[in-house]
Amino acid sequence: MKYKECNVVCTMHKMHCSSACLLKLHIRDGKIVKITSAGDIPRENSWKSDNSIAPIQRRACARGYAELNHLYSPDRVKYPLKQTIERGNPRGFKRITWDEAIETIAQWYRSMEVRKDELGYYPILDKGGITPYLGTCISTFGNPSGGNVNGAIHVALGDKGKVKGNSPMDIFNSKYIIVWSNDPTATLPYLSYILIKAKENGIPITFVDARYTESIGALATGKNGVPGFILVRPGTDGALMAAMAYIIYKRNLHDEEFIKEYCFGFYPNDTVTSHSTGFDPVTDEPYKGKTYKIPKGESFIEYLETLEKENGSYEGVLKWASCITGVPIEVIEKFAIEYATVKPSFIFSKYNGGAQRTHNGLYYSWMMIALSAMTGNINKRGGGFGELRGDDGYEVKFPQFEKYKSAKKYKPILVSQFALNDAIISGLDGRTSAQLREDVLNMNNIDLGENARLYIEAYIRGDTSGNIFNQTQNINKRRIAWSKLKHIVSYERNLSPTAMWSDIVLPSQSIFENRCNFEKHSSAVSDVFVLNGPVDAMFEAKPDAEINRLIAKKLNIDGFEINTDYISFMKYQWSKAEINPEYKEINSDIKLPDFDEIIREANFQLPVPKEKLPIVLGDFKPGEFTTETGRINFYSPFLAQRGRAVLKINKAQYVPLANGAEKVILDGGVTGRKGIKYRLQFITPHPFNKANATYDNVPTLRNLKPHSVEMHPEDAKIRNIDNGDMVYVYNDYGCVKLPARITATVSPGVVVIPQGSWYRPSLSETYEAYFDSDCDGIAEKHIVPVDVGGCVNTLTEDLNSGILDPYIDGLGLNAGGALCEVSKEKPI
Amino acid sequence: MMQWGFYFDQTRCINCMTCVLACKAWNHERRGDSSIHPFFTWEKDDRYNEPSDYENLPGSDGGINYSEFNKYCMKENWRRVESFEYGVKPPEVYTINLSISCNHCDNPACVEICPTKYIYKEEKYGIVTIDESKICLSCGACKKACPWDSPQFYDDIGLYKKNDPNTPKMTKCDLCIDRLEEGLKPACVTACIVRALDAGPIDELKSRYPKYSEEALGFKRESFTKSGLRIGPNIIFKKR
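Each protein sequence line maps, in turn, to chains Y and G.
In terms of the numbering used here, the first sequence opens at residue 1 and continues consecutively.
In terms of the numbering used here, the second sequence opens at residue 829 and continues consecutively.
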């Protein structure tokens, strides 16, 4: 087929990676028949554009090209579906009309009015539906992506709105790049290209990770005797950092002047009267003028001295860290010295890595801030504290798009996303009754009374991203919890597990259907995009906003009219568009494209030369951070007073996982309630052929690398497992069945199960799981189906991690580092 | 004839397999089973109205029905990435990747062995491609003869009885000749995220990448056709 026969439309790939790559959709007869990307330019004179990183061709990854088979997938939800047998049974879904679907949902809302009058709020968990516009309902707090690191940023550096990491492009200002628990080749592919340029420019790179990745293969070079790849046991990164901090301190390599000027809590008895520019999120009172003194024993130096006391000597501390992490003593020492003395050293971590998404992830992130603060790298060009911003500091401003004409939202009651199972079952999400009552009273003006409990009786998964059935912990307990929900509705495109467990599934449109709007921000370099959806809606799919409008209309609620003339609105937006005037000082020639051009090209970038990249932390004057102390906190008085740190620790330190590497080293594992010892740590990285729970139904991607559990030959041999054998991976929470892939790239003692695969209960095999499903603190036996989809959350425990506080974004996910066993025979 | 070939930078390849899927996203309408399971036909009939049409079918044990959805996907891998592991355990391990499609050889083993002249070397770019006016017998001799597995079938031809007219026909990389004719780059080169792939007249590639190597880990250059001619694959590398 000739290229010329197609009409080519440019769009951004709106996907759960935030990279916003360019897709060129080749359309014939109203159908997308080919996809190319930003590199698809004429061959002549293409060298400069192809190899530039500022501006950069955002080239789609395999997932972008797979959209052909994803969009046109036979399992697309074509019509509204109603479950007629039992939740989770695909054969029970029957086609119904839109009218019947909307009427049924409206009836459910009407029945919930009674409960609303009884409770004072709608007991409906709503993500993207219309309930927040009807009255107070329930939503979640907690951030599966960056909850732990966001918490660390909040308590150590201040309000996340004011604090930003360095840009990825800032690596070119650095003399040493440390990529810590990040695999850009899988999660943010074009950042790998930027790193390759840095490597080829001679900037040394060291990776710290719990397994070998392709990123390591292409990029890890090492520096001065520090290897390119430092392997740590899952969950022990904080121990490596604690040892590094100790070495830096003992060798006097820390930046005392910087610490004294900018930090709080490093020295014993540290006292400060705050010049903070921030406010207490609970009381709204300014922090300025308050005095804070660090309690005895809580300073960072006292923590390091405790390490020394517990381990006997300098050598003892290094030996301890080496024993826990598996990193050789010489490497720990060299790494610490190198990081402290090479100025600046850049930590490239972001939130996609496994170390942040563990039960101790808050402290891993806090230690990273501590290390970068004590060396002074934290607020320097070419330095940073691990987080990366997705742009280079400048933007094109234009009026925001208001989704609905006039509908106004009520503030929802927030419940922990990760303890949602418990919240549905018992009404509490890990907070005490008193804490829940206080939070809801202050935030929503509703008094839940003594013995406060929350009622959650329905779930609407509407105009939102996120597949919480599949992507949050403890699926077997979820099956029990969700059976207590009276109504579950999903707006979806495929029968993902959340849709599979719904009572009604409403077909919604994809990013390629019938839309056009501006978007901003990606993973590097500032820009504006156009999300162009040039094909017609498939079958009876409707836009999410339209579904909401129909339901609202049925309930006689106004304000949900949608502006469907999006082109006029975009013309209006673009007529008011202006480039940040500060950017014009960097690039005086820059001009906004005219409207036709921006719609056609769908991308406009504002590249910044490396010496002009904004360094947000560098702009804070000493003492004027938005933390309570006004300083970079090694200890947080706010956190201590608030009392919501899940692990009850309010400072930067290493916190071991309760059932992690230490247990394996000391006891060979942990014996579960069944009397079986779980000896292997499992980690759950992002694979290169999925984007969280998207794409598991696309064979083109799956065929590249079928889902499997990756094991080292040593671990496989003693379990009699050969490459390709079907095996069971199990612990107290459940059992998954999938093929084994034997590879030397995985560490002995660790198994790797990529995340995002869809939970699928076996029709024939069951397993005895043990977990507490009635919230009385005692685990019971549960006969559950084996998961033949291989979803990691069949194995994860539903814990709260980080900071259990709806006032701040500090609640994170615990995805890996916990224990399991693997066998060829099905365990009981 | 200006012989075209490929360049592959083994030091940059991140095994993301974008090249594999970019090729399919461009060429999928020419996959071998496109007439048996045309891409959009399922939309027009009632085959997949409700999940019970295709889910939890007998023998499936509840897993996702990939085999059903796979009918509409391109199964041939005109471009393939192979990965070789070295080392015993981390951290002293590494993988080396090799992305190959077809090397549009000087003396292609497949052209020589094909009994019906279905495969030939065209005259403008030296691209090895198929002649639609001829017949493919699905004998598989080309696939056996090629040292790099370039001839592709969407299914295992060994599963089909002799003379079964439904036996898959051979398809393969044609260096995106349709794109070259428009002044564009092949789909895989265009797509590579780390710019590890290039294509062009082989002499131009050699001068553009003067430190090139003719060998790479996992790639054996020295190979011969059945009659003893040196095959001469048109590919150069930056090797690890």
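Calculated from the structure, these hints are not laboratory results.
Any given hint could turn out to be false.
As the list claims (entries may be wrong) - In the DSBU-like style, the derived pairs of lysine-lysine whose C-alpha atoms are separated by at most 30 Å in a straight line are:
hint, chain 1, residue 1, chain 2, residue 2
1, Y, 343, Y, 94
2, Y, 199, G, 1066
3, Y, 705, G, 1066
4, Y, 705, G, 917
5, G, 903, G, 1039
6, Y, 94, G, 899
Hints and how they fare:
For a cut-off of 30 Å, the pair hint linking residue 343 of chain Y to residue 94 of chain Y is broken: about 64 Å separates their Cα positions. Simply put, residue 199 of chain Y and residue 1066 of chain G have alpha-carbon atoms about 16 Å apart, close enough for the 30 Å limit, and the pair holds. Our distance criterion of 30 Å between C-alpha atoms is met by residue 705 of chain Y and residue 1066 of chain G, whose separation comes to about 26 Å. Of the pairs offered as hints, the one joining residue 705 of chain Y and residue 917 of chain G holds, with about 21 Å between alpha carbons and a cut-off of 30 Å not exceeded.
Taken as a hint, the residue 903 of chain G and residue 1039 of chain G pair is broken in the structure, with Cα atoms around 36 Å apart against an allowance of 30 Å. With a CA separation close to 24 Å, the supplied pair residue 94 of chain Y and residue 899 of chain G stays within the 30 Å bound.
In this structure, the earlier hints numbered 1 and 5 are contradicted, and the remaining ones agree with it.
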